[in-house]
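Visitor: Below, each chain spelled out in residue letters.
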Amino acid sequence: MTPDLMASLYVFLLAAFVGLEVIRRVSPLLHTPLMSLTNALSAIAVVGAIVIAGEQRSTLATVLGTLAVIASTTNVVGGFLITDRMLKMFKTRERTRS
Amino acid sequence: MTPHLVEQFIQVAYIVAAALFILALKWLAAPATARRGVRAGEVGMLLAVVGTLLHQGIVSYQWILIGFVLGSAVGVPMALYMPMTAVPQRTALSHAFGALAAALVGAAEYYLHTPELSQFTMSALALEILLGSLTFTGSLMAFGKLQELVPTRPVTYRGQNVVNLSLLAAAVAIGIYLVVEPGASHLFPLFVALSLVFGVLLIIPIGGADMPTVISLLNSYAGLSAAAMGFVLENNLLIIAGALDGASGFILSVIMCKAMNRSFTNVLFGAFGQFQAAAEARGEARTVRSATAEEAASILEAASSVIVVPGYGMAVAQAQHKVRELYDALTKRGVAVRFAIHPVAGRMPGHMNVLLAEADIPYDRLLDMDEINPEFAQADVALVIGANDVTNPAARHDRASPIYGMPILDVDKARTVMVIKRGMSPGFAGIENELYYLGKTLMLFGDAKSFVGAIVKELSDGGHG
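One line per chain: the protein sequences are A and B, in this order.
No gaps in the numbering here: position 53 of the first sequence is 53 in my numbering, and each next residue is one more.
No gaps in the numbering here: position 18 of the second sequence is 1018 in my numbering, and each next residue is one more.
Simulated from the structure, these hints should not be mistaken for laboratory data.
Possibly wrong hints are sitting among the right ones.
No farther apart than 30 Å at their CA atoms in a straight line, the calculated lysine-lysine pairs in the DSS-like style are these [as the list claims (entries may be wrong)]:
| # | chain 1 | residue 1 | chain 2 | residue 2 |
| --- | --- | --- | --- | --- |
| 1 | B | Lys1457 | A | Lys91 |
| 2 | B | Lys1258 | B | Lys1332 |
| 3 | B | Lys1332 | B | Lys1457 |
| 4 | B | Lys1413 | B | Lys1449 |
| 5 | A | Lys91 | B | Lys1449 |
| 6 | B | Lys1440 | B | Lys1332 |
| 7 | B | Lys1449 | B | Lys1332 |
| 8 | B | Lys1026 | B | Lys1258 |
| 9 | B | Lys1457 | B | Lys1413 |
| 10 | A | Lys88 | B | Lys1440 |
| 11 | B | Lys1457 | B | Lys1440 |
| 12 | A | Lys91 | B | Lys1332 |
| 13 | B | Lys1332 | A | Lys88 |
| 14 | B | Lys1440 | B | Lys1413 |
| 15 | B | Lys1026 | A | Lys91 |
| 16 | A | Lys91 | B | Lys1258 |
| 17 | B | Lys1449 | A | Lys88 |
| 18 | B | Lys1258 | B | Lys1413 |
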């Protein structure tokens, strides 16, 4: 295994532990927004799709890449928008009265 | 900018994006900072996308732009106009889209590089495509069930687990063969097809009440397929984002499984249907007490502490806004009203909280199971709206009950229990709820929305007199 791949495995391991620790602290109140936010974040797959759609190294790759850009863009814009829409609804007593 | 500088900018953009993604989840922990978390995630995403667009190898932006426009055309209306009751469906769809993107990128990478793929890259690629494909079709099935396009009841048949596991084994075997022989591209479509079919078969036996676990699990798979893509593309940002998503889905699945006292394997391979026969045999004729909206209103009015227990039935009846009116009417009379939220209430984690928040109920009134359970003993009234199995005391003491051991809301400890229900039909698991036959329980028969509305009307009429 090359040092690069080992480094990637370390990155994965550390990110997974950071994720477990950070997400464990998320209030059950917000588990639905949590799911839609992590979904938006993992739509970062769009960067892989952009490169494949833009490099145009074969027709098949361009078609697959473009479809992937569509699918992940849907999640990027939709995911952030709906998370924010949900979070806006969570109000304390003072703010609901106003 | 020289190519070298551009490359450096891309790397800096990626690492800042990774930091922002972690901060986004950290800030999401509490409602007060949660929206800041969304901002952080958006900025991180923007940086990463801008950085990627500067990538040297990109020769044309035409298809990328078309992709952006079409993706936004689908994503924006879905996010802005979908009613909150449909959030579980939207979430299932977005898991499907995310997984589809991972599978498509994986397939493109495979055809671009075969047969010069190292074993490690090919392993990551195989995992990306397996998880991506099965999550894609699995999430579409989950969407179909949530939207009631396909039967929500678990569909089971003899030898189902054998069929599913053989199919998975076949897919994995071909995946391993491809790792050894990356040039065997004639097997690649078969590998994708098997993964796609497995995704469908995996979800068919799963019923509505198990959806919270299944959605969480699919969330985890979608994240892991993105992380696998990161290994293929040697992109640490993808690995980090995928790992975060995978971890989140994993934690939520564990919480959901615990809340049902079931294991992962039991949720995936043991459809709830098999329990029904056992439950029906024990049905003896017992009597229940029922009450009218007027009686219910006077009991609620006289109470000083009320705990409302919402369930999926409240979502189905779209009763959350009427419940808010009830909350207002009682609060105005000085009655302390709180809401008890079971982790698996609804069709996805946190479903009830979003619905009640949408109806403008302050979030500090929404308490999770561990917080609210000690409070039932002091409550004058527990009002159950559209929840069933999570309130069944049999889970505590009846070893023969299929839900024995499941953590429940201690509704039966309240002084008076009122249950709004359409009729006496058993809950999802087909189990009789002992709660309904207690001496302190009053059944309020009717549609959740109209019955709560009737109570509110009684309360406001009483106010004039």
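Visitor: Please flag the earlier hints that this structure goes against, numbers listed from lowest up.
Guide: The structure conflicts with hints 2, 10, although it agrees with all the remaining ones.
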